[in-house]
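Peer 1: Following the hints, complete the assembly by docking chains B and C onto the known chain A.
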Amino acid sequence: MRVSLFIACLSDMFFPNVGEAVVRLLKRHGVEVDFPQDQTCCGQPAFNGGFHSEARRMAQQWLHAFRHSEYVVAPSGSCVAMVRSHYPELLPEAAEVAARTYEFTEFLVDVLKVEDLGAQFHARAAYHHSCHMRRDLGIYRQPLTLLQHVRGLELVEVPRQELCCGFGGTFAVKMPEISAAMVTDKVEAVAATGADILVGSDSSCIMNIGGRMAREGRPIRVMHTAELLWEGVKNRG
Amino acid sequence: MGSQSPVSFQERVRRALSDQRLRAALAKASENFKVKRTTVFAEMDDLAAQGLTLGTRDQLKAEGRRIRQHVIDHLDAYVKQAADSIRSRGGQVHYAADAHDVGQIVKQICAAKEARTLVKSKSMASEEVHLNAVLQAAGLNVVETDLGEYIIQIDGETPSHLIVPAIHKNKQQVAETLSKVAGEALPADSQKLTAFARGRLRELFLQADIGISGANFVIAETGTVLLISNEGNARLVTSLPKTHIVICGFEKIIPTIEDAAVLVSLLPRSATGQKLSVYTSLVTGIPGPGEADGPEELHVIFLDNGRTNIVGTEFEETLYCIRCAACLNVCPVYRNIGGHAYGGVYSGPIGAVLTPLLNGLEEWKELPYASSLCMACYEACPMGIHLHEHLLNLRKRAVEQRLPPWYEKVAMKALAWLWSSPRRYKAVTSLGRLAQRLSGGWYPPPLSHWTRSREFPKIAEKSFRERWSEINGAE
Amino acid sequence: MALSEQEFLARIAARRGRPVLQAPPPRPGHTRSRPVPPPNMASREAMTEWFMRELAKLSGTAELATSLDAAGAAAAARIARERSTGEVILWDDPIALAARPHLERMGFVSRVWPVDRRTCAQAVAGLTTALFGVAETGSIALAASEKAGRLVSLLPPLHVAIVPTSRLLATAGDYFKTLGTFGKMPAAINLVTGPSRTADIELELSIGVHGPANLHVVLYHD
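These protein sequences, in sequence, are chains A, B and C.
Heads up, the numbering used here is the position in the first sequence plus 353, with the first residue counted as 1.
Heads up, the numbering used here is the position in the second sequence plus 1451, with the first residue counted as 1.
Heads up, the numbering used here is the position in the third sequence plus 36, with the first residue counted as 1.
Hints are computed from structural coordinates only; laboratory data are not their basis.
Nothing here was measured: the structure is a model prediction, and the numbers come from that model.
Worth double-checking, as some hints may not be accurate.
Heads up, simulated EDC-like pairs for lysine to aspartate or glutamate below, C-alpha to C-alpha not over 20 Å straight-line [said to hold, decoys possible]:
1. B/K1487 / B/D1509
2. B/K1487 / C/E238
3. B/K1643 / C/E140
4. B/K1643 / B/E1654
5. B/K1913 / A/E580
6. B/K1847 / A/E442
7. C/K220 / B/E1747
8. A/K527 / B/E1813
So that you can see chain A by itself, here it is in the shape it has in the complex (with noise of 0.2 Å):
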């Protein structure tokens, strides 16, 4: 089996390891991975602003990098959500390639049906769930039974975790206001259950909820599920 990796831009900038951890984890299961050098950014900041034409180009990279793969693989659910969602519409040359694109927890668990991958990590985890994959793939279950399966791992609901964390792309910074208040609720939120560690599975929501916490000066390590997920089995052995 062979899954190309499509690292959304913002794990690419960002946070590496986080790509890093989705390699390491597919090749642990014997699958073959390739990244496509020509890949970019799957075009929801201008899709979401209503620059159509715009998306339009971007996903047309999108193709063009992705349109040999076999399995596309993100650890976003948000880019997924817009590559499935949007793309058939955007650009119905894209849709074959757009039905056999996952976003990494649902890839594993349904899929490679992996749910216990051996992972050890001490630590009091708040898990987010990003409404992109909640609502819009409908994946919720699948990154939960990964981190229960994580030994020593005590994995905690927030409070009012239906409610955005207030990222929604360009909203962020369209509507700065209104996106603070949204993820000064979330780390409110968050911040009460004891958590040590926030995870998540869409880079996004992390960045936004991360950024908050960071300049609240609040001691919660951020990581993304993947990442989580790579350490505790480096963890194990």
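Peer 2: Below, chains B and C alone, put in the same frame as chain A:
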């Protein structure tokens, strides 16, 4: 709802966000309604399995959508059938193209009846057309009788929530407001304040010349006006005054009583978590000759006010809305800014979509962007309206109409150009890294909007793609 | 100026790109018949029990009397618990009127509909029967007629309804389906589900706003 208030959207948002009490009240209301709604629907789904209720939420949603789409596809026929049915039962039907028409029609009826005092129960359509202001300017006394609407009318405010219009006021503030009418200081006790309103409004109900109501639904087959209420004021408004005027958007028309069953099973549950509101009133024409109470005249005014512009477009689905406000109660944006910030009669996700559609995108261009597209509204909507998609489509229209500021268009074009080639993309990464190193934590807009309240991460020493061969080779 | 009916309809038809439709099309699969209660709710006892439970949740009260006359006595007793004297307005209906001798025995003045609005507003209680009861929601349906005024169940602060259990329907859906079989709708029919309420002030529940603050239903097996 022609033009916006002179205060800009951003300013209204800022004011709302700095009002901690408002935000706490909205959060409390939202949580309350959310819990009640989900509980009652879970109960409904359980009972449906035993055949003890009309159906599951999903079944009723599907049927509700079919009913609405069927009506929209044959809207003229159903408007005509409704009008014929109303007239066959002694009612009169009027047609208003816009707000101005409604004002004219109502003023004419008032003049013909030599009316001086009108009592009103909740009608969003009447608020859309600013009816109270028009009638008051003509020297008529119009009193809102829904408790929350009565309170805000005294203070000259607009509703902050579709279901609980005065939620932005605490007990003390309500007491101050009602004390103005009482002429004495009333205690900040909700039971006592409610009792005061009951007593004060009772006399008005008994004496009013005309009652004005909205309609939750109008049943075409029988000409029945269906009203969903809890306080009893809708019944009083439609039973005591000798003339009853109904104002409603024509999308409220549904074909039969059985169709009403489906929508009535969804509305109170979605709005407040009640299986039924206290009063589900079906009013059909005027009373028969031997009946001793009820109005002598019934006037139903069907309102367009921009609705035909939605028919036949990709936004047609928004006409399915049954005005339950479930979307408001789950919206993280609404929860923080409240109803006033939206600037129009409809707020929350449905408001962000309907207001530009009914009143022009150019004037209301910020509203579709006041959303993080979290889809909670779509999830909560009992009619399955794809509000998140409508918001996106409105943004697309805004760009096509060149409404966003020029620098946004320039930035998006630049981004698309830079990021549609891997070579340019990599160059941006390198340049960005260098800029961060040199800037000492300063960011230009739009990134400065981010850093006002959050830390912005550093671009990694080596991006993932720069590390790929090292990562790939290491196994 | 306001539009004529033809103009209004033409605007809508124009959006669909066709001439005005004169009548709605038939709707396949939509039949009309009296509802059949589900097997687990077919007995009157089951529906009565469900009805009473639901009404209690809404701060309404209900009781089961052994006969119509006992129901009349129970209705009068409930009114007496509220006030010791005053006027009670009754529908001109044999079931409601069953309370009359008991009311008069207890010192109340009975006024049979029709009655003017001021008298209604000053009455201690309004006493009616109901066309239907709905077990699922604890509701009663009040149809207005020459003998059954709307104001009786609306103006006085206490509303008492005597309802034979043969009139109970299982669900709200059944109620609407049953209405669908009527040849003609009454000018007003109200499905009343508990006493009037509001939560408009700080979301605190207040029972008794403009409609009655107290609703009492006396059922009996007929």
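Peer 1: Look at each hint and say if it fits the structure.
Peer 2: Verification of the hints:
Annotation: proposed proximity of B/K1487 to B/D1509 holds, straight-line Cα distance about 18 Å (limit 20 Å). Using a Cα cut-off of 20 Å, the hinted pair B/K1487 and C/E238 holds, with the two alpha carbons roughly 16 Å apart. Between B/K1643 and C/E140 the CA atoms are separated by roughly 33 Å; this puts the pair beyond 20 Å, and the hint is violated. Proposed proximity of B/K1643 and B/E1654 is supported: the alpha carbons are some 18 Å apart, at most 20 Å.
At roughly 17 Å between alpha-carbon atoms, B/K1913 and A/E580 fall within 20 Å of each other, so this suggested pair holds. For the hint linking B/K1847 to A/E442, the alpha-carbon distance of about 13 Å falls within 20 Å, and the restraint holds. This hinted pair checks out: C/K220 and B/E1747 have alpha carbons roughly 19 Å apart, not beyond 20 Å. Proximity of A/K527 to B/E1813 is assessed by CA-CA distance (about 17 Å); at most 20 Å being required, the pair is judged to hold.
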